[in-house]
Amino acid sequence: MRSFNFKIKKFRFALVLLMMSIVAVASVSCDMKKSETGLSKIHTIDDLEGATIGVQLGTTGDIFVSDYEEKGSVVERFTKAADAVQALKLGKIDCIVIDRAPANAFVGNNPELSILEEDFAVEEYAICISKEKTELKNQINESISVLKENGTLESIISNYIGDDTKGKFPYVSPENVDRSNGTLRVATNATFEPYEYMEGGEIVGIDIDIARAICDILGMNLKIEDIEFDSIISAVQSGKSDIGLSGMTVTQDRLKSIDFTQSYTTATQVVIVNTGSSNEKLSFKDKFHNNFIVDSRWKNITNGLLVTLQISFFAVLIGVVLGFVIAIMRSTCDKTGKYKILNLILKAYLTIIRGTPTMVQLLIIYYVIFASTDINKVLVAVIAFGLNSSAYIAEIVRGGIMAVDEGQFEAGRSLGFNYNQTMWYFILPQAFRTVLPSLCNEFIVLIKETSISGYIGIMDLTRGGDYIRSRTYEAFMPLVAVALVYLILVVVLTWLVSKLEKRLKNDGK
Amino acid sequence: MENKDVIIQVKGLKKTFGDLEVLKNITTDIKRGEVVVILGPSGCGKSTFLRCLNLLETPTEGSIVFDDVDLTDPTTNINEQREKMMMVFQHFNLFPHLTILENLTIAPRKLKKVSNEQADKKALELLSRVGLQDKAKCYPNQLSGGQKQRVAICRALAMEPEVILFDEPTSALDPEMVGEVLEVMKQLAGSGITMICVTHEMGFAREVASRVMFFDNGVIAEDDTPEEVFSNPKHQRLKEFLSKIV
Numbered sequence: 001m002r003s004f005n006f007k008i009k010k011f012r013f014a015l016v017l018l019m020m021s022i023v024a025v026a027s028v029s030c031d032m033k034k035s036e037t038g039l040s041k042i043h044t045i046d047d048l049e050g051a052t053i054g055v056q057l058g059t060t061g062d063i064f065v066s067d068y069e070e071k072g073s074v075v076e077r078f079t080k081a082a083d084a085v086q087a088l089k090l091g092k093i094d095c096i097v098i099d100r101a102p103a104n105a106f107v108g109n110n111p112e113l114s115i116l117e118e119d120f121a122v123e124e125y126a127i128c129i130s131k132e133k134t135e136l137k138n139q140i141n142e143s144i145s146v147l148k149e150n151g152t153l154e155s156i157i158s159n160y161i162g163d164d165t166k167g168k169f170p171y172v173s174p175e176n177v178d179r180s181n182g183t184l185r186v187a188t189n190a191t192f193e194p195y196e197y198m199e200g201g202e203i204v205g206i207d208i209d210i211a212r213a214i215c216d217i218l219g220m221n222l223k224i225e226d227i228e229f230d231s232i233i234s235a236v237q238s239g240k241s242d243i244g245l246s247g248m249t250v251t252q253d254r255l256k257s258i259d260f261t262q263s264y265t266t267a268t269q270v271v272i273v274n275t276g277s278s279n280e281k282l283s284f285k286d287k288f289h290n291n292f293i294v295d296s297r298w299k300n301i302t303n304g305l306l307v308t309l310q311i312s313f314f315a316v317l318i319g320v321v322l323g324f325v326i327a328i329m330r331s332t333c334d335k336t337g338k339y340k341i342l343n344l345i346l347k348a349y350l351t352i353i354r355g356t357p358t359m360v361q362l363l364i365i366y367y368v369i370f371a372s373t374d375i376n377k378v379l380v381a382v383i384a385f386g387l388n389s390s391a392y393i394a395e396i397v398r399g400g401i402m403a404v405d406e407g408q409f410e411a412g413r414s415l416g417f418n419y420n421q422t423m424w425y426f427i428l429p430q431a432f433r434t435v436l437p438s439l440c441n442e443f444i445v446l447i448k449e450t451s452i453s454g455y456i457g458i459m460d461l462t463r464g465g466d467y468i469r470s471r472t473y474e475a476f477m478p479l480v481a482v483a484l485v486y487l488i489l490v491v492v493l494t495w496l497v498s499k500l501e502k503r504l505k506n507d508g509k
Numbered sequence: 001m002e003n004k005d006v007i008i009q010v011k012g013l014k015k016t017f018g019d020l021e022v023l024k025n026i027t028t029d030i031k032r033g034e035v036v037v038i039l040g041p042s043g044c045g046k047s048t049f050l051r052c053l054n055l056l057e058t059p060t061e062g063s064i065v066f067d068d069v070d071l072t073d074p075t076t077n078i079n080e081q082r083e084k085m086m087m088v089f090q091h092f093n094l095f096p097h098l099t100i101l102e103n104l105t106i107a108p109r110k111l112k113k114v115s116n117e118q119a120d121k122k123a124l125e126l127l128s129r130v131g132l133q134d135k136a137k138c139y140p141n142q143l144s145g146g147q148k149q150r151v152a153i154c155r156a157l158a159m160e161p162e163v164i165l166f167d168e169p170t171s172a173l174d175p176e177m178v179g180e181v182l183e184v185m186k187q188l189a190g191s192g193i194t195m196i197c198v199t200h201e202m203g204f205a206r207e208v209a210s211r212v213m214f215f216d217n218g219v220i221a222e223d224d225t226p227e228e229v230f231s232n233p234k235h236q237r238l239k240e241f242l243s244k245i246v
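Just so you know, the sequences run in chain order A and B.
Oh and the first sequence: position 110 is 110 in the numbering used here, straight run, nothing missing.
Oh and the second sequence: position 116 is 116 in the numbering used here, straight run, nothing missing.
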């Protein structure tokens, strides 16, 4: 007992040491990067040639800037605008090409950034919709016309943009709206202030208010789905969402795969640069306060953790059950030489699952297999990760079964047990013990792999940290916090499994 | 000895592995209560013959009738028949994840639906017969080879079989442990159970066997009482074999 306690103490000590060193290394590297950033070398649009330009992947800025790549510029494409802002602050890129309104928001939050006076381009925002849904498109077009005529549109925009008008005209739905015409599912990417962003745990913004106003006119319920910007078009195309409303510009490329409604607002693309002025350094305490306490931002981490645990737990369950079943079927085929076709099918399944990236599988299951069903996203993730894991577990367990001495099998059969009983009473218990360390390893991989669930819009642990980042424009604290939570999860799991292993090993060895 | 009824009837048994013909047309009857020792050089097919009897190896041709049931008939429930014909292996094949007691009781409990108390009582009785009652709570890898093989014999006896097949039960043992296992087998031979033993223990064969078969090259070359086989070997190969071994 004493040595056990001692081990735990040693273990805890090592853990604390590890965390401290991570924090130390990270803060040093953070400070080093900051000192490198100086005044921007970009003063006019012409200076963009040869510069490193940051954009949000799939935005109009991305499309415009791509022309500069031929002129020797390097374009860095970020999935979130906030990531680009962080990169600019750290000096990793020279400037960002982005929509005027979010640019204002970013610059307002980050005094060291400023916007070039010269506009980059002017563009019109519209709602994207599947080419097949012409009726809905006409209805929305009419709604937009109504909103334009009665001034609602203008007041929604002025509620978010303009120093004098901000916050003064919040959109309020009329009372007693009959919402019997179904649900309008709207795909957006809530990292684009002021069009769509998170505030107090809710998605708000100009586009969101417009969506509400349209639903009020059409008599529909609104369901906002927050996904990555570059997935919006495929979500609308596949029918997962009815419309995409995320500060989108009509472009020739997009028109090939999707239709657009009439434009609801005009936006300007501008260039943000880092002028490096007035960056008062926040103390560690302030940063902590800003990242976790303000707006109860810590809840993003805890809620995300719950989702991650949920996905991991049920995926492991599916993985283990399915994995064992496949392993038993495969080793039966190998042992008896029967059921060759079943074996072939299983082999193909394992090859496909193990031969393609988990993320692609997740996207295929969500956007292709469940394209037309309104299925819970967490369930999709559980299925995707469960299937993925089952393939690996199957091969681990099969190895374990094959490693059990053939004599054990003969002993079981010679006593009068049938094949399945022999498997269940004698082979599997021994195989399980052999493969437990490898299974534990697979569980660890699985837990960390769930961090890609954000790609189908699940607010898991990683995405929770991302949201804090997108609000505070700070990389260090949210990322380290997320990393620590994963680390603790894995450490606890490893500890539990090693306890189980000890209990199973009581055969006097 | 003559009027004992036949318990195993082997007719035209053939077994091939690919092109290799291991057993060539074996026909013999084994009577209830007989202690048959099978001798022969390695590779002569004696182990394969034993493993064919409980269908651990599927015969290529021929039939095996056990207790009036044709084992080679595909409609026969082989698991039920095996409950009456236990096997003791060269490498013991105890279940390492179960205690000695559980090794003995799992088959009666799960297959014969014997109650836990009864199974435990019977198992402890058997263990005390071989002097291992104090090892009941141990795991197999805490035992010596000789102890393991005695436990394996108890495991077979716990099912109260009519026949026990011994597949070189002492070959994997250190020399000083052979005696303790043979002692248990000798006790058993007096109890009226049918035993078929593949072994190289000539002393055991001479002393205990009621019948000795000599296998050579996939056929039974000689089949007689131990006295005849050892003192008056007819077959040339048997003579050579005995001169090498004894």
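Source of the hints: derived by calculation from the structure; they are not laboratory data.
Keep in mind that the hints are not guaranteed to be accurate.
Selected chain A positions facing chain B (Cβ under 8 Å, derived; list incomplete) [stated by the list, open to error]:
| id | residue |
| --- | --- |
| 1 | Arg179 |
| 2 | Phe288 |
| 3 | Ala411 |
| 4 | Ser414 |
| 5 | Gly416 |
Predicted, not measured: the structure shown is a model, and the values here were computed from it.
Using N, Cα and C, we set each Cβ at its ideal position, and we do this for glycine too.
Checked hints:
Annotation: A/Arg179 was flagged as interfacial toward chain B, and the flag is violated, the nearest CB pair being 61 Å apart, outside 8 Å. Hint on A/Phe288 is violated. Least Cβ distance to chain B is approximately 51 Å, over the 8 Å limit. Interface hint status for A/Ala411: upheld, as the beta-carbon distance to the closest one in chain B is roughly 4 Å, under 8 Å. Using the Cβ-Cβ criterion of 8 Å, the hint placing A/Ser414 at the interface with chain B is satisfied: the shortest such distance is roughly 4 Å.
Hint on A/Gly416 holds. Least Cβ distance to chain B is approximately 4 Å, under the 8 Å limit.
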